[in-house]
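K.L.:
Taken in sequence, the protein lines are chains A and B. Each residue of the first sequence is one higher than the one before, counting from 1 in the UniProt record's numbering. Each residue of the second sequence is one higher than the one before, counting from 1 in the UniProt record's numbering.
To be clear, the hints were calculated from the coordinates, so they are not data collected in a lab. Some hints could be false.
Here are the simulated distance ranges between beta carbons [unchecked claim]:
| id | chain 1 | residue 1 | chain 2 | residue 2 | range |
| --- | --- | --- | --- | --- | --- |
| 1 | A | D250 | B | G246 | 27 to 33 Å |
| 2 | B | R87 | A | G220 | 40 to 46 Å |
| 3 | A | G86 | B | N322 | 53 to 59 Å |
Facing chain B, according to a computed beta carbon distance under 10 Å, are these residues of chain A, among others [as the list claims (entries may be wrong)]:
| id | residue |
| --- | --- |
| 4 | Q57 |
| 5 | G59 |
| 6 | A62 |
| 7 | N63 |
| 8 | M94 |
| 9 | V107 |
| 10 | F108 |
| 11 | R140 |
| 12 | D183 |
| 13 | L186 |
| 14 | G187 |
| 15 | G189 |
Just so you know, even glycine gets a beta-carbon here, dropped at the ideal spot from N, CA and C.
Here is what each chain is made of, one letter per residue.
There are 2 protein chains.
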Amino acid sequence: MPPRKPAETDGNLAKPATISDVALLAGVSVGTVSKALNGRGSLRVETRRRVLSAAEQLGFQANKAAVALNSGRTYTVGMITTDTIGRFSIPLLMGAEDALGAGEMSVFLCDARDDPIREQYYLRTLLSRRVDGIIVTGRRTQARPPIGTDLPIPVVYAFISSADPDDCSVVPDEAGGAAKAVDHLLGIGRRRVAHITGPEHHHSAAVRAAAARARLSESGLTLVAPPLFGEWSEAWGRQAVQILLGAANDLDAVFCGSDQIARGVADALRAAGRRVPDDVALVGFDNWDVMALACQPPLTSVDMELEKLGRTAADLLLAAINGDPAPGKHANPCRLVLRDSTAVPIAPLRARD
Amino acid sequence: MPPRKPAETDGNLAKPATISDVALLAGVSVGTVSKALNGRGSLRVETRRRVLSAAEQLGFQANKAAVALNSGRTYTVGMITTDTIGRFSIPLLMGAEDALGAGEMSVFLCDARDDPIREQYYLRTLLSRRVDGIIVTGRRTQARPPIGTDLPIPVVYAFISSADPDDCSVVPDEAGGAAKAVDHLLGIGRRRVAHITGPEHHHSAAVRAAAARARLSESGLTLVAPPLFGEWSEAWGRQAVQILLGAANDLDAVFCGSDQIARGVADALRAAGRRVPDDVALVGFDNWDVMALACQPPLTSVDMELEKLGRTAADLLLAAINGDPAPGKHANPCRLVLRDSTAVPIAPLRARD
DNA sequence: TTGAAAGCGCTAACAA
DNA sequence: TTGTTAGCGCTTTCAA
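I would like the entire structure built from these sequences, with the hints used as guidance.
P.N.:
Right, here's the structure in full:
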């Protein structure tokens, strides 16, 4: 039988080189290799060079499991989405993944699909894998029960928030976003503002509607009609316009709870012979490019800056992992993105920002 | 000072219990605990019970790093999306994650963001973490260079495919999908079919257009006008309709390369006074609910079954990890989803399927 | 400056 | 049936 290397043909089973392989090739001990590779201790330059070149030659990559075993750190975090990953979760995940990757952390993706059983299963799995921390996200901003108590590692909630005020949650400032939308409409001279949004029991719908009302009332105004609660769809947007035109025919602006609704509203207004923005200015929420850009005209919209939010969550998690936790609810500002649906051809009263 | 437990207050630094903790509590050796927990060897029922209860009491979860270290398996796979994670990647990821989770594997999420440098960085990271396998996905179905050569672990390409025919790739049968769309249009009696799609250089656009043509020609027909290549947007769909109505005013069906295009087409046709589906039947591609359902009328569309595709990729990867690789390109059939845009009020010639 | 050896938490072979 | 021990790959004292 051949002496050394087993089954040279099936390159696919070649075991990765270990630190002893490197030591052997460099003619030193494993301890020395470890020092050379990690820049610890003091070695002769020549020795270090020899080790590095041996490692290079073997394509050596330290086995992270071994490292984890005696450092106690895995440089790994878990990301649990409580409900199905969707449009809102993606930017969150991306932002977090990006920030964590920069910190040399790898991310375990866990999709709990609205199933508490799965959620707990993933939690156990992550703990068993000794992740250094966990980010919990969800598709709604509403507070949820903590995912666990007395966990041995830090947890940060992103977008969604924990019902325990001592937990660290990073959420969009939806009320602030709604206020910005209203401010903008007022800034371009609109006074008869309507609000169309999603289901009344939906946290985001309620918060945004309340904030819009509050902001108007600060200016001594009211909504031109009570908020129209319905669903998060274009169809509802269209339908709501019919209701609205009956109730408040003289409206000059509509602030919508979502871009989808706003798009339906735009279509229905056009069909009814109202020009956007000339007769009616229109603001959406989410700044979902697919909707906002395809809308005719393109839609001014509130952006929750989800990617940045994910990044913030990740940064807070990293800080907590390093012993510097930031408990409490952190609100991230929203940003208003201006487009044609609120562009005033001849500006009667320019907004300041 | 208190005798036993250190710093009871900061529950957050409590180190997870180890197997020796369990052994101590149960009054047995670590070997016995291992056997009891893994159902190996033969133990007295009473002993096993005692160990299990001790483990339970301590909330013991085996440290996966240690397990990985001596089994050589991490029960972990990497998922690299070569381009930014988006609408197409999600269902793929979800399907794969689901199938892998069922196999007790955890998934590392890696978003390479169209950057080859990041891609190679992630590859090295994953190898260093000794993942058992890797799934590579992308937003385009076009073949791409292999992510690495002579890798020590199996790789499966999903949606995107590897340029190396010996690699394992799972792709949607886009040509088959396009054929189904055309068949359906012919089945409901349409004969003057047009095709509007994305950029000519885009692999999917080219494949779908070619397949549509081929299928028509099998029936002795041709497209009512040369395929209109443009971009993947509603605006292009609208614009293309203007061109089309000039060139082939008597068309009775449009097959579109995407749902977004199709939606633009629907809007423009309506604006031009053509009824859908009565005058012109309409089929999209992607079955993207947001577009297909919001379209007026709701859109018949080709579904690439991305989630199933992700699942298949994961299954093939698991098989490969277990020593049973399935090299080559595997085409997954598409499914035609029927909606109102091809509903024939009075069926003149019912399709068979 | 380098090597030897202990130990991280667990499994498996072997002994008792 | 149970315990002891070697070792997985690496880091880190401590000696040499």
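K.L.:
Which hints, by number, does the structure contradict?
P.N.:
1, 3, 4, 11, 12, 13, 14, 15
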